[in-house]
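For the sequence shown, position 78 (counting from the first letter as 1) is numbered 78 according to this note's numbering, and the numbering increases by one without interruption.
Hints may be right or wrong, so weigh each one.
For each label pair, taking beta carbons as the anchor points, the in silico distance ranges come out as [stated by the list, open to error]:
hint	residue 1	residue 2	range
1	SER70	ALA48	22 to 30 Å
2	LEU85	HIS28	39 to 47 Å
3	ALA24	ILE83	19 to 27 Å
4	ARG84	MET8	41 to 49 Å
5	MET8	GLU42	17 to 25 Å
6	GLY27	ASP64	23 to 31 Å
7	VAL14	GLY56	27 to 35 Å
8	VAL76	GLU42	36 to 44 Å
9	ALA33	LEU74	39 to 47 Å
10	TYR49	ASP3	37 to 45 Å
11	ASP87	MET11	16 to 24 Å
12	MET11	LYS79	38 to 46 Å
13	MET8	GLY50	35 to 43 Å
14	MET11	LYS68	22 to 30 Å
Hints were generated in silico from the structure; no laboratory data involved. Yeah, the Cβ is synthetic: ideal placement off N, Cα and C, and Gly gets one too.
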Amino acid sequence: MSDPVCPMCEMTDVLTHADHYECATCGHEWPLAAEADAPVGERIVKDAYGNVLANGDIVAMIKDLKLKGSSQTLKVGTKSKPIRLVDGD
């Protein structure tokens, strides 16, 4: 059997417990057996109030959001252009 690899950080520094694995690097935990009954389908994205979001929705900021690589900040209440949902972060 090969050594397990962390699905989050892809490091091999993994601890084995009785019922799950734990990554010593990032702390991520996952079950020993792969979950076969977990449905693989379209990801559901929800807002802060639990409403389902879709491509083209217009959202409003609920707290200040600093923009990476810039000194600008999006203020509370700022409405966005129609959003586009993508896989990843």
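Here is what the structure says about each hint:
Look at SER70 against ALA48: about 23 Å separates their beta carbons, and that is inside 22 to 30 Å. Checking the proposed 39 to 47 Å range against LEU85 and HIS28 shows it is violated: the Cβ atoms sit about 24 Å from each other. A C-beta distance of roughly 37 Å is found between ALA24 and ILE83, which places it outside the suggested range of 19 to 27 Å. At about 25 Å, the beta-carbon gap between ARG84 and MET8 misses the expected band of 41 to 49 Å.
A beta carbon spacing of about 22 Å between MET8 and GLU42 agrees with the range 17 to 25 Å that was offered as a hint. Checked against the given bound of 23 to 31 Å, the beta carbons of GLY27 and ASP64, roughly 28 Å apart, stay inside it. A hinted range of 27 to 35 Å is violated for the C-beta pair VAL14 and GLY56, which are about 41 Å apart. Between VAL76 and GLU42, the C-beta spacing of about 31 Å breaks the proposed range 36 to 44 Å.
In this structure the supplied range 39 to 47 Å holds for ALA33 paired with LEU74, their Cβ-Cβ distance being about 43 Å. Checking the proposed 37 to 45 Å range against TYR49 and ASP3 shows it holds: the Cβ atoms sit about 43 Å from each other. For ASP87 and MET11, the hinted distance range of 16 to 24 Å is satisfied, since their beta carbons lie about 22 Å from each other. Range check, MET11 to LYS79: about 41 Å between beta-carbon atoms, so the 38 to 46 Å window is met.
Judged by the Cβ atoms, the range 35 to 43 Å given for MET8 and GLY50 is violated: they are separated by roughly 26 Å. Checking the proposed 22 to 30 Å range against MET11 and LYS68 shows it holds: the Cβ atoms sit about 25 Å from each other.
In this structure, the hints that do not hold are numbers 2, 3, 4, 7, 8, 13, in rising order.
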